[in-house]
Amino acid sequence: MKNTASRLTLGPHLYNWPAEQKRDFYFRIADEAEVDVVYLGEVTCSKRAPFFLPFIPEVCDRLEAAGKEIVLSSLALVMTGRERKELHELSDDCPWELEANDLSAVALLKGQSHVIGPFINIYNEGTLDYLYDNGARRIVLPCELPAESLQKLGEAARGRELEVQVFGRLPLALSARCYHARAHNLSKDGCLYVCEKDPDGMDVMTLDGAPFLAVNGTHTMSYSVNSLAGELEALQKSGMTHFRLWPQQVDMVAVIQAFRQALDGQIDGEEVQGRLDKLVDFAPFSNGFFHGAEGARMVE
Amino acid sequence: MQDQNFSQEYPPFSPVLLAGIALSPLPIRFFAPIAKYMLGRVIKLYPDVFKRLEPLGHCRFAVRPSDLPCCFLLELDHGKAQLSLFSRLDDLPVSDATISGPISSLVLLLEGKVDGDALFFSRELAVSGDTEAVLTLRNAIDSADISLEEIWLGETGFLRPITGRALSGFAGLYEKANRDLSLIKNALISPVTRQHQLLEDDLDRQQEQLDKMEKEVRKIRAQNARAQNARTPNARAVRETPVAENPVAENEED
Amino acid sequence: MELVCPAGTPSALRAALDAGADVVYVGFRDETNARNFPGLNFSPDELREAVALARGMGRQIYVAINTYPQAGNLSPWHKAVDSAAEIGVDAVILADIGLLDYAQKRHPDLRRHLSVQASASNPEAINFYRSAFDVQRVVLPRVLTVREIAALIGEIDVETEVFAFGGMCVMAEGRCSLSSYATGKSPNMNGVCSPASHVNYEQRRGKLISKLGDFTINTFPDNEPAGYPTLCKGRFVGQSGDPSYLFEEPTSLNVMAMLPELIAAGVKALKIEGRQRGKAYVSQVVSSYRRALDAALRGEVVPLMDMGNIAEGARSTPGAYQKNWR
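Protein chains in written order, with full-length UniProt numbering: chain E, 1 to 300; chain G, 1 to 254; chain A, 1 to 326.
So here's chain E without its partners, still in its complex pose (with noise of 0.2 Å):
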């Protein structure tokens, strides 16, 4: 039975990968990936924007042929005078939907259709309500939200468009302070712009040796894969309509192809966690925030 309510979609790319291998990726995208939506622009870090951005009129033109949704992804935290202007930029002129990840872009995109991305606070119905109002056509929700929750907003959402992340490393945190560079003992500002050498973050190790987190620039983000490919059924059931997966330096056509069949009800949840045991090789999967408990755990 095809679910066509459940929309797949691949969220923007946090990492710093050289822009020539992004534009590839996204034509491969086009060409060979069954997901609904893309989303893409720079989220993680200002200064690594301007590589890309001459190659973002030829891959939407493609993802648009290739009949995929286009939406452009905000800066996650915007605090220079340049930061501001790009963004005041993108919203005054921009062909495609924008995906607000700061309050500032919130703001500017007020009574404009537009997406909330999931660096924006959302907790409850309330906030859930007055962000739908404030012109939000859909809404991704932050990824430490438990079960019950998600639940709960499904329902407040009475129909609306609400979008869950469930697959990729998870952005934790996010801060002023670049720890790819600190890491280097250089300056944020004079970066080289290190964080190129790790196209899925660097690994973050307890001093017993432990995988814990990993760097993405001013992102810190989850060791672990997170996978909701076992709670797919629920997060349907709860009233989500979008599900998204954040690329990583796998096999992403053969892990978007995995969802949407689980999505259409052609594989079970096993099938696909199997599948993705097979594409990720990095690092462990986990599931613990959907089940109330730590992040980092996988609840079987």
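For the record, the hints were derived by calculation from the structure and aren't laboratory data.
Ideal Cβ placement from N, Cα and C applies to all residues, glycine included.
Be careful, since some hints might not be right.
[As the list claims (entries may be wrong)] Simulated crosslink set (DSSO-like; lysine-lysine; CA at most 30 Å straight-line): (1) E/197 <-> A/323; (2) A/207 <-> G/113; (3) E/85 <-> A/207; (4) E/197 <-> E/237.
[Claimed, not checked] Derived CB-CB ranges, DEER-like: (5) G/55 <-> A/260: 44 to 54 Å; (6) E/278 <-> A/240: 23 to 33 Å; (7) A/214 <-> G/113: 33 to 43 Å; (8) G/110 <-> A/18: 11 to 21 Å; (9) G/54 <-> E/300: 29 to 39 Å; (10) E/298 <-> A/73: 19 to 29 Å; (11) E/270 <-> A/268: 54 to 64 Å; (12) E/269 <-> G/55: 31 to 41 Å; (13) A/257 <-> E/34: 57 to 67 Å; (14) A/268 <-> G/54: 35 to 45 Å; (15) G/35 <-> A/147: 54 to 64 Å; (16) A/72 <-> E/270: 26 to 36 Å.
Following the hints, put chains G and A in place on chain E, whose structure we already have.
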């Protein structure tokens, strides 16, 4: 489970330590009624403290003054409290948490004259077991203006001026004794300290070498892991060296 | 410039007022505030007494209701706002959009401040909260330099409050799930970060090992000052293979040396962090800052006081206020 953490602890060389040793022949039952009296006074004078402790339910704290030859067990049961004294660590029943430090610090903490976090940061205070319970106890005690003098004096209001003076006189004496003793301590241990320093330096050098070797091993492991990753499907094909040119001005104005 | 000081207990409140606080901020004893620690905080009756005491001395009380209400269970947060209004506190400090909306509709006369947990770091965001919910003041996230703060003040018509001393978030406040990743409990949902319920200290071969949940956060040789295992202030191993403080050292924020610049920038209030600390901390920090602020306001040289004994890891930093921190 609680005690092994403290077995290696050394008491501070303080007047309390000597006084404690001097008093140790006295049987513990001599002190038990005093402890009981004081807890009774605390309960009477500061009832709000125990209201804040209610959420702990049933909980036992071992309090171990590191410079006294005795220890306490504070047992809480939904806001009701009991205090018992033990002369030997081995006699102490199993507790949920242990707090340990010089008695002078513990008293200052009780009176809220010192910040518990600060004592802990400076390593004067050690805790083990249920950290949350210890925090609850600390917060509850800190919520009232507890005064040892107030507890001690009880109903003997008319004696207050005299006792007050006696207490402050004692505090002065204590300070002086403390200073004298640290002088003696330094004189006694200086030869050992010197020897110890030499050994420490030796150990540091060895540790440094070990660290270097460990780092090498980690590097090799990481290289292996990376080599393995490179072989996976949808390969990290076009990884290039970082872009040398920089489209954003590096010394951006803030 | 207002000196806004923390109190986790009635006793700390008295200490703060005695030491010269203009305002004391407190929280209710439940999950509605971001210092939801056991044994801490105020019952409605204690708050009523606190307001009476402060008022008698010509001072003010703010109440932090700065966690994010739980979906399907809004009533504890609504009740907290209602009680604060009924008791007549001078302001409530809120972070959640839904709760700001509720407070404005139900209690339009109750003064609203925007909590640091809302992480409003630019004029667009701050002006949004101003126009949507009529917030009178914003507590700025600890991500801006003094120059950025000065520029920001020129573009908003809301008072600003900045952190001056105490524990320091190195992440954008209110936008961090590191604690719940390791423990299942987060500042936004539960009002705790790296909660004591998940902390374990182990003493092993001359070293103190601090753990948070399953993760080792740090080890301290016996002669080294220790820190609480807040997970962003732990020692970890990154790219280089060497253990280091990858995010931040165990250290306290201290901007005493920058008071003249903050005054010149037009900051309205200075905030001391530490509702979870003892009254001895409150007395020492508040009285030091009172003296320093009074001197700075008179245009005198600010006497620099040693706060080493009370600071985490016995160290302090001006943090993000100086650009090189980034």
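Please flag the earlier hints that this structure goes against, numbers listed from lowest up.
Hints 3, 4 are the ones this structure does not satisfy, whereas the remaining hints hold.
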